[in-house]
Amino acid sequence: LIHFYKRTSVDYGTEECSFTIRPDFAGKFKPMQVKELIATTLNDTLGGRLYDPNKVSNWSKSIADSVKSQVKTLGYDRYKIVVEVVIGEQRGEGVRMGSRCLWDSDTDNYASEVYMNDSLFCCTAVFGLYYY
Amino acid sequence: MISAEEVTDEEKQAKEAERLARIFHPPEINDIISEVITEVVGQQTYHYSKVGEWHGNITEQVLQRLVGLGKGFKWIVTCVIMQKAGAGLHASHSCYWDAKTDGSVTYTYDNRTTNVVVQVHGVSI
Chain H
6 LIHFYKRTSV DYGTEECSFT IRPDFAGKFK PMQVKELIAT TLNDTLGGRL
56 YDPNKVSNWS KSIADSVKSQ VKTLGYDRYK IVVEVVIGEQ RGEGVRMGSR
106 CLWDSDTDNY ASEVYMNDSL FCCTAVFGLY YY
Chain Y
118 MISAEEVTDE EKQAKEAERL ARIFHPPEIN DIISEVITEV VGQQTYHYSK
168 VGEWHGNITE QVLQRLVGLG KGFKWIVTCV IMQKAGAGLH ASHSCYWDAK
218 TDGSVTYTYD NRTTNVVVQV HGVSI
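Quick mapping for you: the protein sequence lines, in order, are chains H and Y.
For what it's worth, my numbering labels the leading residue of the first sequence as 6, then goes sequentially.
For what it's worth, my numbering labels the leading residue of the second sequence as 118, then goes sequentially.
Hints in this document: simulated from the structure, not taken from any laboratory.
One or more hints might be untrue.
[Stated by the list, open to error] Over the 10 Å line for every Cβ pair with chain H, so calculated as not near, a few chain Y residues: (1) Glu127; (2) Arg136; (3) Asp148; (4) Glu177.
[To be verified] With a Cα cut of at most 20 Å, we get these calculated SDA-like pairs of lysine to any residue: (5) Lys77/H / Pro143/Y; (6) Lys77/H / Met37/H; (7) Lys201/Y / Gln95/H; (8) Lys77/H / Ala31/H; (9) Lys191/Y / Val119/H; (10) Lys85/H / Arg105/H; (11) Lys77/H / Thr112/H; (12) Lys201/Y / Asp123/H; (13) Lys188/Y / Asp148/Y; (14) Lys217/Y / Tyr137/H; (15) Lys217/Y / Gly189/Y; (16) Lys167/Y / Arg101/H; (17) Lys85/H / Tyr213/Y; (18) Lys66/H / Gly220/Y; (19) Lys201/Y / Thr162/Y; (20) Lys191/Y / Arg105/H; (21) Lys60/H / Glu94/H; (22) Lys40/H / Asp82/H; (23) Lys201/Y / Glu94/H; (24) Lys33/H / Tyr136/H; (25) Lys188/Y / Leu107/H; (26) Lys35/H / Trp214/Y; (27) Lys191/Y / Cys106/H; (28) Lys191/Y / Asn114/H; (29) Lys40/H / Phe30/H; (30) Lys77/H / Glu41/H; (31) Lys132/Y / Pro143/Y; (32) Lys77/H / Cys212/Y; (33) Lys73/H / Tyr136/H; (34) Lys188/Y / Ala31/H; (35) Lys191/Y / Tyr136/H; (36) Lys85/H / Ala31/H; (37) Lys77/H / Arg105/H; (38) Lys191/Y / Thr162/Y; (39) Lys191/Y / Leu107/H; (40) Lys85/H / Lys191/Y.
Beta carbons: idealized from backbone N, C-alpha and C, even for Gly.
All chains should be built: construct the whole structure from the sequences, respecting the hints.
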């Protein structure tokens with residue numbers, strides 16, 4: 006499958022009509038880079054903390070917002086970003102989390118990471134969707 | 118003889134139906150998710166060997182039905198299934214998209230032994 010796309014000069018200062026329908030290889034969503042970012046954020050926010058029902062909702066919101074704003078700084082133009090965070094208490098119960106997506110597998114991708122300590126677990130997934 | 122008022126009512130309904138067929142419409146997505154979950158999990162008891170199957174079935178069937186709606190959206194369906202053991206769970210999401218055209222729906226379901234949370238995000242093309 007051959008993709009033809011016009012390479013335009015990217016100028017972040019002005020808005021111009023670019024007619025690109027595919028990102029260049031350098032501008033594609035890179036799961037490994039985002040995965041490291043998520044891992045650092047989770048360790049910083051939750052490292053050594055105990056599950057506290059009053060604070061957990063704030064933690065989950067702040068992790069989601071912080072991961073989203075950090076991914077925005079990575080410079081993925083034309084990508085829409087969805088970040089999902091699930092934090093739960095560790096009581097030995099069974100949990101399963103996963104997702105199915107309908108997207109363009111050439112351009113879209115996801116990154117996910119799990120953080121666990123003795124009292125809580127946190128699963129974060131970031132989805133990057135190209136906007137044509 | 119059709120009066121002027123009747124025609125405009127029908128036209129209005131037709132236009133409304135056409136508009137709903139194009140946009141992200143939470144109620145119909147909620148209906149899809151609730152039907153799929155009651156069909157797949159229903160009142161069954163949580164068992165670690167069945168969870169994988171339930172999870173796959175729920176996400177795949179919801180996705181297939183969303184595709185069947187024929188809208189111009191990319192879909193992400195996430196499902197969390199948890200055993201009821203008195204533990205707490207918080208789910209949140211943060212999105213960078215066009216708020217006029219894109220949207221998401223979160224649906225929770227529980228029976229005596231299981232908690233299920235399904236999130237659907239629709240991103241317009």
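Hints the structure violates: just list their numbers, smallest first.
4, 5, 9, 34, 37 and 38
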